[in-house]
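Asks: First to last, the protein sequences are chains G and W.
Here the numbering used here is used: the first residue of the first sequence is 1, the next is one more, and so on.
Here the numbering used here is used: the first residue of the second sequence is 115, the next is one more, and so on.
No wet-lab data here; the hints were simulated from the structure.
Beta carbons: idealized from backbone N, C-alpha and C, even for Gly.
Wrong hints could be hidden among the right ones.
[As the list claims (entries may be wrong)] Beyond 10 Å from chain G on every Cβ pair, some chain W residues (computed):
(1) M203
(2) A303
(3) I363
(4) A403
[Said to hold, decoys possible] Now the stretches of chain G that chain W is said to cover, found in silico as 3 or more residues with beta-carbon under 8 Å:
(5) 63-71
(6) 79-88
(7) 93-103
[Unchecked claim] Residues of chain W placed beyond 12 Å of chain G at every Cβ, according to the derived structure:
(8) D226
(9) H241
(10) S313
(11) G351
(12) T385
(13) S399
Here is what each chain is made of, one letter per residue.
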Amino acid sequence: MLTKNFGRNLINAFAVTAMLATTSAASTAVAQDANAVVMKNFDFAPMSITVKVGSSVTWKNLDGEPHTVTSVDGLFRSGALDQNDSFTFKFDKPGTYKYLCSIHPRMMASVVVQ
Amino acid sequence: MSSDSEVNQSRRGALKCLAFGGAGTLFLLSGGVLAPIDLALAASKKSAHAMTGTPLFLQISDTHIGFNKEANPDVAGTLKQTIDFVNAMPAKPALTIHSGDITHLSKAEEFDTASQLLSGLNITELHTVPGEHDITDGIGTEYFNRFGQASANKGYYSFDHNGVHFIALVNVMNFKPNGLGAFGDDQLAWLEQDLKGRSSSTPIVVFAHMPMWTIYEPWGWGTGDADQATSYLSRFGSVTVLNGHIHQIVQKVEGNITFHTARSTAYPQPTAGDGPGPGPLKVPSDQLAKMLGVTSVKISGHPSSAVLTDTTLG
Numbered sequence: 001m002l003t004k005n006f007g008r009n010l011i012n013a014f015a016v017t018a019m020l021a022t023t024s025a026a027s028t029a030v031a032q033d034a035n036a037v038v039m040k041n042f043d044f045a046p047m048s049i050t051v052k053v054g055s056s057v058t059w060k061n062l063d064g065e066p067h068t069v070t071s072v073d074g075l076f077r078s079g080a081l082d083q084n085d086s087f088t089f090k091f092d093k094p095g096t097y098k099y100l101c102s103i104h105p106r107m108m109a110s111v112v113v114q
Numbered sequence: 115m116s117s118d119s120e121v122n123q124s125r126r127g128a129l130k131c132l133a134f135g136g137a138g139t140l141f142l143l144s145g146g147v148l149a150p151i152d153l154a155l156a157a158s159k160k161s162a163h164a165m166t167g168t169p170l171f172l173q174i175s176d177t178h179i180g181f182n183k184e185a186n187p188d189v190a191g192t193l194k195q196t197i198d199f200v201n202a203m204p205a206k207p208a209l210t211i212h213s214g215d216i217t218h219l220s221k222a223e224e225f226d227t228a229s230q231l232l233s234g235l236n237i238t239e240l241h242t243v244p245g246e247h248d249i250t251d252g253i254g255t256e257y258f259n260r261f262g263q264a265s266a267n268k269g270y271y272s273f274d275h276n277g278v279h280f281i282a283l284v285n286v287m288n289f290k291p292n293g294l295g296a297f298g299d300d301q302l303a304w305l306e307q308d309l310k311g312r313s314s315s316t317p318i319v320v321f322a323h324m325p326m327w328t329i330y331e332p333w334g335w336g337t338g339d340a341d342q343a344t345s346y347l348s349r350f351g352s353v354t355v356l357n358g359h360i361h362q363i364v365q366k367v368e369g370n371i372t373f374h375t376a377r378s379t380a381y382p383q384p385t386a387g388d389g390p391g392p393g394p395l396k397v398p399s400d401q402l403a404k405m406l407g408v409t410s411v412k413i414s415g416h417p418s419s420a421v422l423t424d425t426t427l428g
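I would like the entire structure built from these sequences, with the hints used as guidance.
Replies: As structure tokens, this is what we get:
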């Protein structure tokens, strides 16, 4: 994606800035670098991530087995993410949000929003 | 015919079958002793028939329609192969149970493909329970749209066939933080009520997706509140608990309860604790069919006993 070349040259920088300015979907793409969690070898990594209020977290499944991102309190739920599928959620309120994979519920992690 | 002669006949049949080598494994249950015996059902249908009679029902599990990774790029093909095998069985079981993970990602089109394939079975009566892969939206919309009617959309239900009481349970919708499956209080109360007043001589078959005993807790291979369920079942003389989920055969006998997990028709999984997690296991392509299969079950005699026959596709 564009984000890989972020800042490398003016054209890419311009493109990213333009995306930021347009829709929330575009800001999702940018957020992948900063607030990214992967599912790999049946774990979330990192297991705890701290983000600012109003920012998004993007999860990506790198395993050949599907996983889900399912919040314990029901706030967000990704559905099944197959290998290389992503899911993004925007956190509007401070707090600690615990979540798990509903297919492999021993996979537990949290998002801290400050 | 007395139960003794029934058992003896089975033993004679089993001994005959030993000569044919192993395409599968037979589990002969009598008096709480489970004896695995190699079985070549495909090699000698006649002998297998003589030994097992007509199976009452068939268990298919973990078809994972929608899976397309290297462990098996053609899960529809292996399910079709399974169905062809079942349709060619010399004695047709009365019904089929599917113990969950019908689909891989709970998608509508996956359920449609699965239904279309399963309709090719010439056993028309099909009973299902959901696996965790069938309800990844949390409420199982696609699953219940298709299979909810049997249970008024609760997922768990019971029915009787040929004097056997069948109980379908759901242990994939109430996960606890320890990662094990769970039934939840409502379902356990329903189970207690369902069994109340039934004669202890009624043969019971329970099926649920996740194993109803803890096989390996770090991978969530168990059901946290299964002990309460088994406490309701323990007074019955013959209880057969059939699960899927782990894509391999593991069995245990506890009193009169036989616990048994089935093979998948899609792909194998590693044995407990081997590797980072319970994902698809890639095996050499000529080995795959040997790790996929179905289970057929015969229940007979007074007191009743169950004979479980596991057969592989290769």
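Asks: Failing hints, ascending?
Replies: No numbers; nothing is violated.
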